[in-house]
Amino acid sequence: MLQRILRTGGKLLAALALTLFVGNLIASRTCNCPTVFDPLLGRVPKPGARFYWKVEGNGDGIWTSNGVRRTSLPEHGSEGCLLVMGDSYTEALHVTDDEHFAHLLEKRLRENNIQVPVLPVARSGFSVADYVSNASLYRKLFSPGWVIIQVGDDDFCNDAWTIGKPAGYAHFRRADDAGKLEIVNLPPQNTGLCGLANDRFPWLLPIILFMQDRENLVLAWVKDRKQPWFHAENAEESNRRTPGIQVANYPVDQEMKMLAEAYDKRVILLYLPQFDPLQPGRETENETLLRKAAQAQGIHFVSLREKFPELAAAGQAPYGFVNTRFNAGHWNRYGHQAAADLLFDEYQRISHAVH
Amino acid sequence: MLFTSPRYIIFLAVTLVVLALIPGRTPKKRALAVASCFFYAAWDWRYLGLLLAISVIDYWAASRIAASEIRRVKQRWLLVSIVSNLGILGYFKYCNFFLENFNVASSRFGFSVATINILLPAGISFYTFKTMSYTVDVFRGRLQPCRSWLDYATFITFFPELIAGPIVRGSVFLPQMDRVIGPTAERLAAGSSMFLQGLVKKLFIADRMALVSDTVFATPGIFDTATVWCGVAAYTIQIYCDFSGYSDMAIGTARMIGYDLPENFKMPYLSTNITEFWRRWHMTLSAWLRDYLYIPLGGNRHGVLMTYRNLFLTMLLGGLWHGANWNFVLWGGLHGCALTWHKVWVKRASPHIALPALLGWIFTMLFVMVTWVPFRAKSFRDTMSILKSMAGFAPGRYNWISVWLFYTIILCVIAHFVGWLIERRQHQNTASVWTGWLCGLLGAGIEDATISGPYLVLRRVTVAGAFVVAMTLLMLYLFAPLMMNPFIYFQF
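Chains X and U supply the protein sequences, listed in that same order. Numbering-wise (the working numbering), the first sequence opens with residue -11 and increments by one. Numbering-wise (the working numbering), the second sequence opens with residue 4 and increments by one.
You can take every hint at face value.
Some chain X residues near chain U, calculated using beta-carbon distances under 7 Å:
1. T(-4)
2. K(-1)
3. A2
4. A3
5. L6
6. T7
7. F198
8. P265
9. G303
10. V310
11. N311
12. R313
13. F314
With a straight-line Cα cutoff of 35 Å, these simulated DSBU-like cross-link-like pairs (lysine-lysine) come out:
14. K381(U) x K42(X)
15. K280(X) x K128(X)
16. K(-1)(X) x K269(U)
17. K168(X) x K245(X)
18. K95(X) x K42(X)
19. K128(X) x K168(X)
Hints in this document: simulated from the structure, not taken from any laboratory. For glycine and all other residues, C-beta sits at the position ideal for the given N, C-alpha and C.
With these hints in hand, go ahead and build the complete structure from the sequences.
As C-alpha cells, this is what we get:
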C-alpha cells in the first residue's frame, strides 16, 4: 500500500516538475520581462536582458541602464536629447524595438540630418503626478533638450489622484482649502512578489511573472466579477482605459502648470485619444480641454487623432493586435508609426521657430 | 452559476460530499433534488415555483393517462399537459414576439398593443420539451409513469442539464433512478475527465473565439471581406465549442453524481452532408423534433411532397424554438430547405452522380457557416450586411484577422483527429494501434459503454496523463480569457 502511494506520489511530482519546466519554457518566450531594483527609479527592466511579450501584441526588445529602452546609450551622451516619458503605452512591451515610436522618430530625424538621440524612459502606471515628481531626477540623469510626454485622459484624472498607489509612484492632493496642489511621492521599495521572484527564483521567473500578470484577471474570475478594465480582452467600447472619464472634473490647468514649470516649458504632450472607426476625425471635449490647458501654459500639444482619418482610410486601427481585440488595449505599430510622424513634424516646427 | 465559475465548482463539490455522506438511496435522491432547486434558485428564485408547478402538472397528467383505459380520457390529459407546457413557453418566450409583429402589422391602421415586461425563465425551452416528452411517451405506452412525484421532480430539476440540455427524456433518465447515486472513485475519474474536456472547449476555445466573432458581429459594416469571413469562422468554432463544451460539462457532472446523460454532439463539423450534420449536431434536440414533431406531422408516410413539407416545417419550428426572432426562423427555414434538397439529391441525383466526400464536406461546411450568420447577427439588417461583405459586396475597410483563429483551427484539427480515431475504433470494434498507444501513455480508457458517447477518461495515474491534466490547468490559467461569458444556449 505504502509502496503504491509512494509510486503514485512520485509520478505526480514528476508530472508537476515537467509541467513547471514546460510552462516556464512557454512563459520565457511569451511573457518575460526581467527587472532589477534601482534605489532612485525603483524596479526597472534589467539592462541588456531581452524581454518577450506575446500576450498582447508581439513585442520583444532590450533596455539599457536607467530604464532606457534601447540597446545602448548615445555615444556622445544624452545631453540635449529628446526624452520620452509615458506609461505602459510608451513602455510599449507590445511592439518590437524597431516599431517603437521613439526609435522611428530618431530614425526619421537622422534621415533628415538631425542628430538628436531619442531616449524612451516610460514606466507602466506613471501619470502626470509622476512626471512632475520625477522631473528633477530625470533632468539630472539625462539633461534633455525637450521632453515628450505621452498622456491620456486618465493621466490627468484618476491615475494622477489615486491615493493607494504602490511605492515608487506619486499622486496629487490638495494642499489647502484654496485648492493648491501638491505632490505626494512614495519612494521606491524593493518589495512585492516581483522583487521576490527576480531576486530569489530567477530560474522560475518567467512563469511567476506570467502568473502575476494574470493575477487580476484570475482574481476577478474567482470573485465572479467583471474583468479589470485595463485588460485588453475586456476593453470593449473604450480602447483608452477608463471610459466615460471627465477631464473637466479635475484641476487640469494647475496640473498642466506644474508640468510646464517642472520642465521649463520644454514639453511636447503626445495625447492618445480613443479611436472611433466610424468617426475617426471627431475631437472629444476632453481633448479640447487638454489642448487649451496645455497651450495656456506654453506646452506643445500633439494629438494622435490628427492621423486617425489617414489610418481609417488605410483600414488600420491604431489600437489592438491580432492576438487581442480589434481597436482595444494598447497601441500597435500603426499607432507608433503615426506618433513618430506627428512628433517629427512637431519637432521640426519647434526647431524652425527657435531658429 | 455558470459551469465555468468557481461558485459552481464549490457548489458541485459540496453536493458531491453531501451525496457521499448521506446513507440510503432515497435520501440521496431527495438531497439531489434540493441541490437542483438551489442551483435553479441561484439563477432566479422567482421561477423555481414555475418549474415545480410544471412538474406537478405533468406528473399528474401522466398518472391520469396511465390510470385510464379510455383513449379519449388519455387524450384529454395529454392535451392538458401539452397546452400547459406550450402555454407557459408561449407566454414567456413568444408573447412579446407576437405582440411586436402584431404592432408592426397593425401600425398602418393606427393602433398598437403594449408589450409585456417579461424575464425569460432560465432553461424554459429545455425543461418544457423534457416534460412534454414524458407525458407523450406515457400516452404512447412507451414509458411507465413515475411512481413518486419526488422522483419525477428529481428528474425534471436535475441541475446538470436543467438550463441548456442535453434534452433528456424520461425513458432515458427514469430507469436510472433505481441506481444508488453518489461519487465513487470511478465516477469521479470519468466525470472529471469529461468535465475538463468541456472546460477546455468553453474557456480556451469558445471564449477566445468570442473575442473575434463578437467584434465582427458588433460592427459588421466596417470590416473587409477576409475579416468578416474570419469572424464567421470564429463563430462557427465558438458555438460548437460553447455548446458541446457545456454538454460535456453537464454529462461529466451527471457522471460524477452517478447518472448517464445522452450524447449531444458527435463531431458535427466532419459531416459530409446536411442530414449527417443534423444527426451529429444537438442530437437530443434533433431526435426530439423527429419523434415529437416530424413523425406526428406525418413523417415520410404520406408521399414525397408531404415528407418535404414536414421536414421543412420541423426545421422552421426548430429554428423558432431557439428564440423569438425572425433570424432564427430564417436559420431554421434555410436548414429545412437544405435537408429537403439533400433528400431530393439522394433520391434523384446520387444514384447517377457520385459526389466526392471532400466536396460534400466543403459544401456542408460552407452552408453551415453561412447559416450561422442569421443565427448570430443581432438583426436582419446586420445579417444582410455580413452576407454582403462575405460575398465581396460593399465591404468595409478595416482588416483585422485574429491569429488565435489559426491556432484554434490547428487545435480543433488535432482534437478531431483524436475523436476520429476513437469513433473509428468504436465502429470497427477493434482497438487501433493509435488509440491503444494514446490510452496506454495517458493511463486513459475510452468510455463508450454508456449512452454518453465515447470519451477519453483517465483511469490510472501515469506521468504523461498527470502532465496533460496539469499542463491543461496551467494553460487555462495563463491563456483563457476568463470572461464569464454565459453559454450561448442559455438564452434559449
